[in-house]
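Work out the full structure, taking the sequences as your base and the hints as a guide.
Here the protein sequences come in this chain order: U and P. For the first sequence, the numbering used here assigns the number 65 to the initial residue and increments by one for each residue that follows. For the second sequence, the numbering used here assigns the number 118 to the initial residue and increments by one for each residue that follows.
These are calculated hints, taken from the structure and not from any lab test. Each statement offered as a hint is correct.
The calculated label-pair distances, taken between Cβ atoms and stated as ranges, are:
#: 1; chain 1: P; residue 1: L427; chain 2: U; residue 2: K688; range: 44 to 54 Å
#: 2; chain 1: P; residue 1: P160; chain 2: U; residue 2: A840; range: 31 to 41 Å
#: 3; chain 1: P; residue 1: K301; chain 2: U; residue 2: G1109; range: 23 to 33 Å
#: 4; chain 1: U; residue 1: H181; chain 2: P; residue 2: L427; range: 45 to 55 Å
#: 5; chain 1: P; residue 1: A284; chain 2: U; residue 2: V834; range: 36 to 46 Å
#: 6; chain 1: U; residue 1: T864; chain 2: P; residue 2: A200; range: 51 to 61 Å
#: 7; chain 1: U; residue 1: G1109; chain 2: P; residue 2: Q300; range: 11 to 21 Å
Stretch-level coverage of chain P by chain U, calculated; a stretch enters the list once three of its residues show a Cβ under 8 Å from a Cβ in chain U:
#: 8; region: 181–195
#: 9; region: 266–278
#: 10; region: 323–329
Pairs of lysine to aspartate or glutamate, EDC-like flavour, derived with a Cα cap of 20 Å:
#: 11; chain 1: P; residue 1: K403; chain 2: P; residue 2: E391
#: 12; chain 1: P; residue 1: K443; chain 2: U; residue 2: D105
#: 13; chain 1: U; residue 1: K1004; chain 2: P; residue 2: E450
#: 14; chain 1: U; residue 1: K112; chain 2: P; residue 2: E450
#: 15; chain 1: U; residue 1: K688; chain 2: U; residue 2: E700
#: 16; chain 1: U; residue 1: K749; chain 2: P; residue 2: E353
#: 17; chain 1: P; residue 1: K436; chain 2: U; residue 2: D105
#: 18; chain 1: U; residue 1: K544; chain 2: U; residue 2: D610
#: 19; chain 1: U; residue 1: K826; chain 2: U; residue 2: E793
Bear in mind that the values here come from a model prediction, so they are computed numbers and not experimental data. Each residue gets a CB set at the ideal place from its N, CA and C atoms; glycine is no exception.
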Amino acid sequence: MESNSPKRRKLDHAHGGPIFENVASSSMGASGSSAFVLETDELLKEVKLDYAKAFPGLDQTLRQLKEAIDGLEQYGPIPINKASAEWEKTSRTAIPFPDPKPAKDCPYKVSFEKPTHINVVGSYTLQTMAKSQSSFAVDMIVVMPATLFSEKDYRDYRYFYKRAFFLAYIADALRKKLSDLDFIYTKFNGNALLPVLVARPQNQSSKPQNAGSDKARDTLNYEIRIIPNAPEGYFPTAKLSATSGAIRRNVSEESKDSKTPTPFYNNTLKSESQFVSYLKLLHRTSSTCASFRDACILGRIWLQQRGFGGDVADGGFGHFQWAVLMALLLQTGGRKGEPILSPSLHASQLFKATLQYLASSNLHKKAVVLGPNIATSETVRQAGPVLYDSSREINILYNMTTWSAFMLNEQAKLSLLAINDPQVDQFDSLFITKVDQPLQMFDLFVNINVPSNSPQTTSGISDGRCSTVAFAEDIYRTLKKALGERAKLISIRMPKRTTWKVTSSSSKSRTEVISVSIMCDPVKASQGREFGPLYEQKKDAAKFRDFWGDIAELWQFPSGEIVESVNWTEFSSLGYFGICQAIIRYILMSRLKLAEGDLEFHGQEFSNIISLSPTDKTSFDTVKTAFSVFEKDIRELEDLPLSVRQIAPISSETRYASLRSPAPNQRRHGTTPIDAMLSFEASGKWPENIASIQRAKIALLLQIGRSLEEAKSGIRTYLGLEDAERETENLTFLDIIYESGFAFRLRVHSEQEETLLDRQTKDQTLDRHVRTEAAALLSAARWRSTILPLHYQMISTYCTRFPALSSSIRLTKHWFNAHRLGNHFNEPLIELFVLQAFLRPHPFPMPSSTSTGFLRALLLLASYDWREDPMVVDPSDSLSTAQRLDISTRLEAWRKIDANMNRTTLFVATPFDVTGVAYTQNIPRVIATRMTTLARSATKATKDKGAELDPRMLFQSGLRDYDVVIHLSSKAIKGVLRDDGTKHSHFKNLDETGSSEALPLPESPVPAFLRRLQSVYATPLLFFHGGPEDTVIAALWNPQLHIRGFSANMPSSFKPMSADADKYELNKEAVLAEIARIGGDLIEKIDVKDN
Amino acid sequence: MKFSTSSRHLSQIQAGWINDKMPDNSTLSEEFSTLPISIPPLPSYPVHATHYVYLRRNAPKIATPNDSRSLYLANVPADSTEAHFRALFANLVGAGRFESITFEQDKKDNKISHEPAQAERLAKHHKKRKREDEELQHRKEEAAAELPDTWTRILHRSGSSAVALLADEKSVNVVLKAVKKLQKSKKYPIWGEGVKGGVPGFGAQWLKAHNKLSYPGNDAVQAIVDAYFTVFNRKEEEAQQLAKRLRNEPDEDGFVMVTRGGRSAPARRDEAEEAKQRMLDKQQKKKDETQDFYRFQLRERRKAEQMELLKKFDEDRRKVQAMKEKRGKFRPEA
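If you want it as structure tokens, here you go:
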């Protein structure tokens, strides 16, 4: 009523308007994010096929096939044994009988009769194919007439034998009639019971798609699958419930009542007669729900990016299952049978809702029934995942494996997480990123050779299921039970379905390899002892003993409780990886009788690259403890003129992130001390002059040193001078060396200094260069005093929260060093990259091991478009939307004033640094580009090679591409660090201070040398170097320094050109000769690339 | 991973290289004479290189008394020292002509003020007369307050310049003539030849010495700091006294300068800033309180929100459009 009042109407009109309403209804939706909707629309546009263009001549081929089949005459009936003996020979076409093959004395007869009808079904007719599919199959069903079969044909494979002959007969005829098509057999969705005939046009280009010209891109390779099936509703569903057994051949000796249920066989049979009815369902739905097709395509892409497919090797949940599920949910699914989805929803909403359903329905745990409730849920219960379509009485997931149901659920949950996270681009992680990359997802890989003598499995072979699948199910169940909470996710990959020629009988299986991928829970998996049920619970205890066998033992807790347990502590030193490996090896060998040689483990290689060890955490903890002792010692000093506010550690050792694990008293080997920042409470005592503040800091440090030495024994302090170029920079530090432990390097921060610098940068009356200088000093001061302490807190917090973060950071740092990028990226920045990979793992789960953490960081870098997007590392989501917008705007502003990215390349913001440039100073664009290229090729190798990847490959870097390679002499480097006690008599001041004393903390010579070179040759050369141990400094000439006319202020050493005396070119030889002179005995040789 | 910086790759990124700031006083090359210096080969880099130094009479924008007898040298080698140039000039025109040399970065250093803030402020208004002997004493004190160098030998930026001071005007002419002659004779002077007086070496011992020089000893530094603050405190005291004096002393126009330390001292700058912030906060609070009070305010706010929503939609559409232009963004990865 109210809405009709004139006033209200007027108001509505004022701000509503048709545009807004339109927008709101079509795209704002429940989620409120219009970008996602627009993006999915674009995606759909991109992947949609023009069917006539993509498959030229397909319709004609289909018609030809139909006519050919329709024109066939009746054949038979002939006895089965005669068919396999004589018909096969005369027609030279194999009959694809399923295993077990029919017995020689089988009394049944097989025949061919004209099919009742032939239909094209599936995504081709539904028009739900997507361009990105790897293969295109057009399904053509051939419905066999009921007259072929007799009443009891549902039993003992009889139907399948008859079907096989029917198919072979068609194959034989088509092969001879249509010569422009290739015919082969394959198993329908990997189901051994259902061989189908595949027809492929011969003239198809063998080239992979998207490689050729435009024309080749438009036309796609396709295949036509000819699928014979039973008349609609032919089989008695009552006798084919999940609990009934239809195969009696094996159990003939026993009484008829105790037949084993054969759910898989039953479901296959039932599905044979439901092809048409599902076709009808999908067509009906697509006509009632406008966006059904689009949602199907979205679902297809989502599944495809996660490696799910209808084939049992792909998990058995493909586009068909998705479409049927969605069609059913549009009809029913609610608690009272009401539909869950509404036909008026937008495609992206349908997709999200279906995802939500998959995430919440827990298919791997409980059977789900869709449709009118059936009386007994007993009839649907079976081992695998169940999604029972009660109106057609079929479990549509009968071909799905247990682990893939689990995976599907996990993936749906992850995707929902991404959708509900407002800070990430949900779209890319849902549809664009390829998630099906085992190395990015899993930590531990086991390749298992399936024993050639078909293994006797617990579930029995009598079900008609492929033996490999059944064996894989056994492996899954065993590992799941044995690993328990240690494994978060177990996935099994089986060899792909095979095709074989129509002229030969079914392909013989070679030794097949099943690869198991496991994602571990690092905390739970490193538990050394497995605890079972209480000793008193006899039944459970017996089960436990039975499962684990001899190694089960009793364990008494201090509280007196006695439990069953298994001891794995002997593997504890190998970390969780070693424990899991031991468990898997033991349980597979004892329960599934696999031999040692059948198992092959992968995944540990990444940790070996920098010899990470589980005990590293302890040494990092030691540093932290040592630091808190140090902090206490400083705070206890009484005679300081100012009161201490904070002492913050800023070295990577204290935040679990240094490349090498720290060890005390390594200072003889050039180890850097642990940096710390000391700040005092605000005080008016600081002088009002920046240079004088620096001197006042020295006085403070000296006093601290004196007082510390007096107060504690075993402490020595040394005041050291920084490599400062100006009096206004920080001039000194104090090295504090504990005789028994670590060394610390203390610097003082003065707030007054920051205030003065800040005032200078804003003072318009000052010269421009004074202001830029002040700005540089200010950012350096803030970096040390504000950002690094907060960074320390953030990284150390998350290193304790995410167990794999620390080692991933260390490996990633090694990667940067291995590619000689280490001198351009400061350590905190690399830490942020890795942290971001952990915080925004979408579409993957949070990395749980070194390898996944490292590879995910590379993936992040590979996809990081630093030209246009800022990276916002915001662990606790503390930045508001406005702040985020502000960050983006700031990046845009930078790009506007500095379009060539000479000053700002990467833009990384954190809650405590919204300027985005504090972490990324002095990264030339060449270096940033190189990082991206290297990360891209690394991720590509990871994707292509899969679990077979040799991780060392990712860390190899050649020297060929550098213009200049400076080889340093490792002997001379060592000589610098070793104190030989000789007096350098011509340095007068050295003799006075007494050079007999050992060097307090000698700096590693290579970085010091490189720093000098960099300050001298910043313009002509770009240096590449990785870490203090690297004895090679590589460099590229600056291509910008081209030939120029004379100027008094050359950017580098120039020489007149011999050809034209007025032109000057870079004097490369003189520059290198200078470097050789400066390096002296430190340089072994300088290699120059000749052009 | 394979290293792949192909030439194409380089040309793409060329534009991103930090280009040096353009020279501010570009001059014609005719004014300069070229002095080639032959660089002897080293085992690590066995190449005969030639370094080119460009020189002319020194003519800075702000003239100094010594201009007539000094030479401006462009592009001096990075490892130049005074001894090197002394030897070089001795080689060219014989000993005794060369007096000293000032490198580019030597000049930069002395600009930074160590004056207390108040002294600096007052100095703008009041030129202090100084007695010469006092001046000398002060300079000595300031020298004692200098921190020692951490490198035995300083490097110069590649392509930097220097000014060489010669004995007299005649020497300048002699040098220029000798340089001209070199063009014909091609007997270039050799770098580092005849350098006397123990120039500290480079390489490992240079770095080693640096490691030692970085730790001059706590006591030595203490002495330096003490010296520094003696000077600083003296200056501060002088400034205070001057301020006191100026407080009641009108200048030639009859104005009295307001200085800190009077009865009602002006607020410190940070105090003033704080007060301003407080005031702004107060205003903001008042503004917040009166929002969403009247119906029209609510209505306007809602309207604004909807406009915002529309704007966001437009933005999203633009973003997607931009992505579309990039193409391939919407293709699922294979």
